[in-house]
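J.: The listed protein sequences correspond, in order, to chains Y and R.
So that you can map any letter, position 153 of the first sequence is 153 in our numbering, and since no number is skipped, the others follow by simple counting.
So that you can map any letter, position 167 of the second sequence is 167 in our numbering, and since no number is skipped, the others follow by simple counting.
Keep in mind the hints are simulated off the structure, nothing from the lab.
Be careful, since some hints might not be right.
To be verified - Here are a few chain Y residues that face chain R, going by a calculated C-beta distance under 8 Å: (1) P8; (2) T9; (3) V14; (4) G21; (5) D34; (6) M45; (7) V55; (8) S67; (9) Y68; (10) N72; (11) G97; (12) G102; (13) A103; (14) P117; (15) V120; (16) L139.
For every residue, glycine included, the Cβ atom is placed at its ideal position computed from N, Cα and C.
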Amino acid sequence: MIESIPLPTLDDPVDAPFWAGCRHGQLLIQHCADCGRAHHPPRAMCPHCRADAFVWRPAAGTGRLWSYAVPNPPLLPAFAALLPYVVGVVELDDHPGLRLVGALAAPGASAIGGVDPAQVGIGAPVAVHFIAVTDDTTLPCWTLSTPTPAAIPAGTPASREDLS
Amino acid sequence: MSALKNPVEAPIRDRTAIVGIGQTAFAKQLAPTELQLACQAIRAALDDAGIAAHEVDALGCFTQETTPEFEIARNLGFGELHFFSQVAHGGGAICGALGQVALAIASGLARVGVVWRSRKRGDPSKRQWAGVQPRVGDHWKWSRPHGLLRPADEVAVTMRRYMHEYGATRDQLAAVALTQRAYANANPLALMRDKPLDLAGYRAARMISDPLCLFDNCLESDGAIAFVITSAERARDLRQTPVLIHAFSQGMSREHQLMTDYHGADPLVSSSAATAANLWRQSDIQPADVQVAQIYDAFSPLVLFSLENYGFCGRGEAAAFAADGGLAADGRLPTNTAGGSLSEVYLHGANLVSEGVRQLRGTASSQIDDARTCFISTCDSTPNGALILRR
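Bound conformation, chain Y alone (with noise of 0.2 Å):
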């Protein structure tokens, strides 16, 4: 059994992109270099089109829980220490459809955890937030907003088009 946080392999082709943008600040999602399509989790190639050539574009980091779980003991170590904490699925707002599996952070936190579950519902609103978990990899988690949805960035695209 591990000690530590399981970690994401950061150097796939594939997802690559996505792990450094985290390391960025940013939530990059995959599109179709060829029919615009988005995709999550990112793919080797556009099953709409069958283009294997991508692009990454920001998205504006904010989205609603479409459900979530509250894990208990028995845990991994590094997640017994972090009780209790909630994990998340998030439906992002700019890319209906598209889901995110996120842990819930308190806003401004290095790790996750903090939030209490009985303040967390189906719906809520969260912001992303990026948590540095090692020098190499950060992961997106998120943050409840309150008590209104944060503002939408100006200028990421929001084309329902990206999934049909």
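Starting from the known structure of chain Y, arrange chain R on it as the hints suggest.
T.: For chain R alone, kept in the frame of chain Y given last:
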């Protein structure tokens, strides 16, 4: 009823039968190795069938099985093998393993097949999530770093969404665990035979991954189960009531993601829906004709999801169906009648198949009167498969 009589479109229909079942003792921990347990279960299944080991020429197992086919063959004294296949995805595999061997026999590639599952999981170090690596390179890289570590956590996410969409409650979900525990209390071989469970006990249980509590999770156990399959023609001359494989399909939905199946257009429509469409298409027996069901239940929500994806209930209706007694012996669809993975033993669903066979033989501990049709499914959250059995 859209049953097709054309054999080209239903190449497997009633052409093979499960003619032998065998199992070891079930326990939290057993001393023998997985190879030893596999040998014991297969020997028992062959004895049950009255078929000699040297006649076996086909094998089916899980990719997760630790014992390779050649070890099974050399220990049991099988003949020359002509077909061996392994099916992936753990809880999604047993019906595929059986169905692929049945296809080999129905097509004439092989004559006698053995399918087995041997597993020692009582030791916590053997549990799947305990094997999480420091760097995750497969699709779990999108969820495990965030603390969504165990299958229970992954199913908890979907169950909470289900509760949100349909207004289902934990008390309704409890009916799955309570009904199956009652079946286990009547099954002298079930691990939970002596442990009754009521709603107060369910409500008081510790949470494992909210909204799932301890009793929504399968047992962690050791044991092995094996099956013998041969042609329906041969089966008529054997000692047991032939249990015919009437229909079979595997299924994987578009956009499927193993266990973290949250990314499709409608995550509550699972790979079971893909299996269901192709299964019922081949089958003279339709959902309304099924007398007893064995539905994969590593986690109690999977029973609800499967009831809907296989068409036994409408969308959002399964929780009320369970809470209103639909799964009980006197209900519309008696389900997991030996106690299932929650209360009999957790053997990746192989125990559900052996119970289905017992029901059709008329030898089950909670026997459903004159059971002639049985539905068996595998894990709703993985690529999966299902069988229709009849006698």
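J.: Now tell me, hint by hint, if it's right for this structure.
T.: For each hint, the structure was consulted:
{"no.": "1", "hint": "P8", "verdict": "4 Å, holds"}
{"no.": "2", "hint": "T9", "verdict": "4 Å, holds"}
{"no.": "3", "hint": "V14", "verdict": "11 Å, violated"}
{"no.": "4", "hint": "G21", "verdict": "14 Å, violated"}
{"no.": "5", "hint": "D34", "verdict": "20 Å, violated"}
{"no.": "6", "hint": "M45", "verdict": "14 Å, violated"}
{"no.": "7", "hint": "V55", "verdict": "20 Å, violated"}
{"no.": "8", "hint": "S67", "verdict": "4 Å, holds"}
{"no.": "9", "hint": "Y68", "verdict": "6 Å, holds"}
{"no.": "10", "hint": "N72", "verdict": "5 Å, holds"}
{"no.": "11", "hint": "G97", "verdict": "7 Å, holds"}
{"no.": "12", "hint": "G102", "verdict": "5 Å, holds"}
{"no.": "13", "hint": "A103", "verdict": "4 Å, holds"}
{"no.": "14", "hint": "P117", "verdict": "7 Å, holds"}
{"no.": "15", "hint": "V120", "verdict": "10 Å, violated"}
{"no.": "16", "hint": "L139", "verdict": "6 Å, holds"}
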